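Novice: Each chain, written out:
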Amino acid sequence: MSNILLTIDTSTIEWSRAQFALTAIYHWLFVPLTLGLAVIMGIMETCYYRTKDTFWKDAAKFWQKLFGINFAMGVATGIILEFEFGTNWSNYSWLVGDIFGAPLAIEGIVAFFMESTFVAVMFFGWKKVSAGFHLASTWLTGLGATISAWWILVANAWMQYPVGCEFNPDTMRNEMVSFAEVALSPFAIDKFCHTVISAWIIGAVFTVAVSCWYLLKGREKKLALESIKIGAIVGLVASVGAALTGHHSAFRVAEVQPMKLAAMEALYNGGTDQSLTAIALVNPFAQPDYENEAEAPLKIAVPYALSILATNDPHGYVPGINDILNGYTKPDGTVELSADEKIERGKKAIEALAAYRQAKYGSSDGDASVVAYHLEVLKENMPYFGYGYIRDKSELVPFVPVNFYAFRIMVGVGCLLILFFMVVLFFVYKKDITAAPKWLYWSALAMIPLAYIASESGWLVAEFGRQPWTIQDMLPTWASVSNLHSSSVMLTFFIFLILFTTMLAVEINILVKQIKKGPEHENN
Amino acid sequence: MSAKHKTMKKTNFWYRVFDLYYDGFRNMRLGKTLWTVILIKLLIIFGVLKMFFFPNFLKEHAEQGQESEFVATELVERAESH
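For the record, the sequence lines run as chains R and S.
Here the numbering used here runs 43 ahead of the position in the first sequence, where the first position is 1.
Here the numbering used here runs 418 ahead of the position in the second sequence, where the first position is 1.
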């Protein structure tokens, strides 16, 4: 982004982006474990409800305690993102206020009422409410967190695929014209399914890893065995589910964000019958010379797989970076404009906006026909509004190496996790997991950071891949950011870094202490 | 506890809700540590960060009711300066 213009200091943009990324990445350390452990503890308590065996009650309480620690540490880490919207991203914030208001308000209300009510019943209510009501509260705690995730992901999906809205040049806001279109956008549904299922994997990996640690230490064997069974089954189902929903997500990305897919694949020149790159030598530190290179060097690929992923057809057409920049014709005959044409249309849109506001609100009384003319030009070119800020079409290409490698890390670790859970289940049902070789226990522990890396890589792909846009095709980062001094953003970046790192250290410390302490047995 | 509370029937819904929270908070062990962490965190987030580092940019820079004009000017000028 070194060639970004403006009166805005470029480092303000970069520090604001870095700060948002830092906050989101830290927030995402807490959220998936909350969502994942919610499923594990819900299953454990269901076992208790059905069998009345106090072992399951102790097991459920133990995992609920770990859930509670993580939940407490994660509380309000997401609110900081909203602070950043208002301070660092004020133009963006104003433009999306009407769209985000509803989902975020619903998220806040649902989160507050559902979680504060049912979390309290779950922790305080064992001897106060019936077993059935307690079980329902445990599941509803998880459901509340999942519904919260839904609304956040609806907001995120809208940025990637803005639907159900109309830009109002008088209020300078995108106004919601269809709540259903926003809330049930296919992009949001795919994103929600893929994200939440991947969170279950984190919960499952954590459960199996903690249980394996007990087996390494030769203690809590029954808890470890039963937890591993549940964790590994949830993990295997979720891992396969993540692969399937990942395919849906990629299909959707190919439809609405083809540049992101091209960057993920380092696909410079597209076509039909496209193969999926397993690995290639993409320089991790520099943008590739996509204009002159035919493809990334030393490419090993799976034939037809990219066409299947993107179009559900082995012979489907997938555009590459150069196709998207130079314009191409889709198989259905639709002509996709070149970047230069889109830039021209975007400039027209911005000029029309300025002329419209000048005609309507300028010193002279607005001539209605002039106002109407500019409004028409604006509406005609509005789909390309954001392109009006692009100086060079290379700005439209996200940083390929990050997308390329993050995608491969996510998919690679995802495949490894499927294998891992299968091996664990093999040991559980065909051998004796309580007497398994130690390498299995150690690999379970190693899976915790790996699963997190895969999960965060997914976010990198989603967010890096849509650069330069904060709102797809509508607003690039450098038009979204507030005119702040970079030093103030830098300062808060480091404050967050210290705050979050401290919080993470506190969480890990409390979690480790409680894991070492182990479950409390009701009979004792 | 108030006299009214003392005379409230223990089967009363509101009594049971109150009792759930009252008893729960009173008997917390690990929860006390977690609540301490939560309160410190909320104090830092809202009392320090929000108050001193995260003002609403538009409220500070645009006249009240003129936010749309401010944003429009910003967006048009940034495109021109490009």
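Be aware that a few hints might be false.
[As the list claims (entries may be wrong)] Here are the simulated EDC-like pairs of lysine to aspartate or glutamate, each with C-alpha atoms no more than 20 Å apart in a straight line:
| no. | chain 1 | residue 1 | chain 2 | residue 2 |
| --- | --- | --- | --- | --- |
| 1 | R | Lys559 | R | Asp101 |
| 2 | R | Lys260 | R | Glu127 |
| 3 | S | Lys468 | R | Glu127 |
| 4 | R | Lys403 | S | Asp441 |
| 5 | R | Lys391 | S | Glu498 |
| 6 | R | Lys171 | S | Asp437 |
| 7 | S | Lys477 | R | Asp213 |
| 8 | S | Lys477 | R | Asp141 |
| 9 | R | Lys95 | R | Glu565 |
| 10 | R | Lys171 | S | Glu498 |
| 11 | R | Lys272 | R | Glu127 |
| 12 | R | Lys560 | R | Asp141 |
These are computed hints drawn from the structure, not numbers from a lab.
It should be emphasised that the depicted structure is a prediction, and the values quoted were computed from it without experimental measurement.
Novice: For each hint, tell me whether it holds in the structure or not.
Specialist: These are the hints, each one checked on the structure:
Using a Cα cut-off of 20 Å, the hinted pair Lys559(R) and Asp101(R) holds, with the two alpha carbons roughly 15 Å apart. Between Lys260(R) and Glu127(R) the CA atoms are separated by roughly 45 Å; this puts the pair beyond 20 Å, and the hint is violated. Restraint check: the Cα-Cα separation between Lys468(S) and Glu127(R) comes to about 10 Å, which is no more than 20 Å; the hinted pair holds. Annotation: proposed proximity of Lys403(R) to Asp441(S) is violated, straight-line Cα distance about 63 Å (limit 20 Å).
Simply put, Lys391(R) and Glu498(S) have alpha-carbon atoms about 12 Å apart, close enough for the 20 Å limit, and the pair holds. This hinted pair checks out: Lys171(R) and Asp437(S) have alpha carbons roughly 9 Å apart, not beyond 20 Å. For the given pair, Lys477(S) sits about 19 Å from Asp213(R) by alpha-carbon distance, which is consistent with the 20 Å threshold. For the suggested pair Lys477(S) and Asp141(R), the alpha carbons sit about 17 Å apart, so the restraint of at most 20 Å is met.
A hinted pair counts as satisfied when its Cα atoms are at most 20 Å apart, and Lys95(R) with Glu565(R) qualifies at roughly 13 Å. About 66 Å separates the Cα atoms of Lys171(R) and Glu498(S), which puts this hinted pair outside 20 Å; it is violated. Among the hinted pairs, Lys272(R) with Glu127(R) is inconsistent with the structure: their alpha-carbon atoms are about 42 Å apart, more than 20 Å. With a CA separation close to 49 Å, the supplied pair Lys560(R) and Asp141(R) exceeds the 20 Å bound.
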